[in-house]
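The listed protein sequences correspond, in order, to chains A and B. Position one of the first sequence corresponds to residue 1 (my numbering), numbered consecutively onward. Position one of the second sequence corresponds to residue 224 (my numbering), numbered consecutively onward.
None of these hints come from the bench; they were simulated from the model. Please note that a few of the clues may not be correct.
Said to hold, decoys possible - Mimicking DSS-like on lysine-lysine, the simulated pairs with C-alpha atoms at most 25 Å apart in a straight line are:
hint : chain 1 : residue 1 : chain 2 : residue 2
1    : B       : K255      : A       : K87
2    : B       : K251      : A       : K87
3    : A       : K87       : B       : K254
Unchecked claim - Now the in silico label distances, taken between C-beta atoms and shown as ranges:
hint : chain 1 : residue 1 : chain 2 : residue 2 : range
4    : B       : A405      : A       : E66       : 46 to 56 Å
5    : A       : R13       : B       : H321      : 48 to 58 Å
6    : A       : R13       : B       : R293      : 38 to 48 Å
Computed from a predicted model, the values in this text were never measured in an experiment. Built from N, CA and C at the ideal position, the CB exists for glycine as well.
In case you want the letters, here they are:
2 protein chains.
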Amino acid sequence: MNIIHFRPADIERTSMRIIGEELARMGKQIKKENEAVVKRVIHTTADFDYADNLHFSRAAVALCVEKLRRGIDIITDSNMALSGVSKTAAQHLGCTTHCYMAHPDIIKKAKEDNTTRATAAMQYATEAHFDAGFAVGNAPTALFVLAERIEAGFLPAFVVAAPVGFVNVVEAKEKIVSVCEAFHIPVIAAMGRKGGSTVAAAIVNALLYTAADMLDPGARGWN
Amino acid sequence: MNIIHFRPADIERTSMRIIGEELARMGKQIKKENEAVVKRVIHTTADFDYADNLHFSRAAVALCVEKLRRGIDIITDSNMALSGVSKTAAQHLGCTTHCYMAHPDIIKKAKEDNTTRATAAMQYATEAHFDAGFAVGNAPTALFVLAERIEAGFLPAFVVAAPVGFVNVVEAKEKIVSVCEAFHIPVIAAMGRKGGSTVAAAIVNALLYTAADMLDPGARGWN
């Protein structure tokens, strides 16, 4: 049994080194600016497909980090993604995190409007939060609502688009990427079928850690 | 744009049909008794590697379902996995769900003992819960603690072993599987590096839905 006795921070550092080595061995060229995000998603999934799957709009990481450093609201489409976002890093930057999927008013509104909770929650969030970052790891519907709202003039700080699945998911991610790029909104998306709450949270965390490291270089040993 | 307008239950049914068709096309033979679990994990990840990665001890699904039908405690090693387990299905069966990772007493105890929160939380859970099901989607340490406790006489109802990662993860899953099988404890494990909180929750949900469907066939349209 080859068990390595490490502190969590050491395990993470070792994992990231292994991921970097394997990416190099596979001949994958990751742009330096996207490396923290790509490696953290692979760290979260052990799935090297994400070396090819992740789409970044122009300068997406720098633009997202810039927003996070100012302390913005971060909205997720599932409580699972919400629970995966690092509260420590978010609070450190003055960011707050929100998910409305299980809010009693949203459940009531979805019933009244005969729509899904994902639709009602996302509609509410785009009305209640200005200049917020949106991270979608579950419901393609949430991305369609977001795309519609952006086309109607809503300007989120950024969009992380990573729902997983077999129905409407590929289409939802293609739609949000094209709408975000048309309206110059930074977007990071896991293209294709793959993704999930852990992937959405991993992308947000990579951005939060990068932003926090810029504020306090080396202070927390993040990344 | 090929968007299908479906209710969530229809989307799930369509997804499961697509997964079944693709498994057949890939020539993957999934044992009938494991199908609900395998398909739900693929549904959660869009990763067909799980058709090969999932290990089931003898009659694991039937034995786990039997326990869940009696209404047991389910312990997870992360709040993300906890948040992914269906509370509706759990409550329907009289099962309760617990995670101690963020409990103030556990954080204090981990500091006092100079250990990790995963270790302290799992030690506490094995002392506080008798005949509970354990679902581990994050910390290999949690599996090592569980294996140690089982070797010392602790008898969990079942173990779901699905942490993800590059350090100690493969070893932890091999260890827990061999210990569980030696002590005749049902175990379902995502072998290799892959897994995660969503995978652990998906396995538990597949078991919960199967158990609930046996109580009320067709009542909820689960699965």
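Please check whether R13/A and H321/B have a Cβ separation lying inside 48 to 58 Å. Since R13/A and H321/B have Cβ atoms about 31 Å apart, the given range 48 to 58 Å is violated.
Please verify whether K87/A and K254/B have alpha carbons no more than 25 Å apart. violated, 41 Å
Satisfaction of the hinted span 46 to 56 Å by the C-beta atoms belonging to A405/B and E66/A: Given about 54 Å between the Cβ atoms, the range holds.
With a cut-off of 25 Å on the C-alpha distance, tell me whether K251/B and K87/A pass. violated, 41 Å
Whether the CB-CB distance between R13/A and R293/B falls inside 38 to 48 Å: Check passed, 44 Å falls within 38 to 48 Å.
Decide if the proposed pair is consistent with the structure: K255/B and K87/A, CA atoms, cutoff 25 Å inclusive. Roughly 42 Å between the alpha carbons, so the hint for K255/B and K87/A is violated.
Hint violations for this structure: numbers 1, 2, 3, 5, all remaining hints satisfied.
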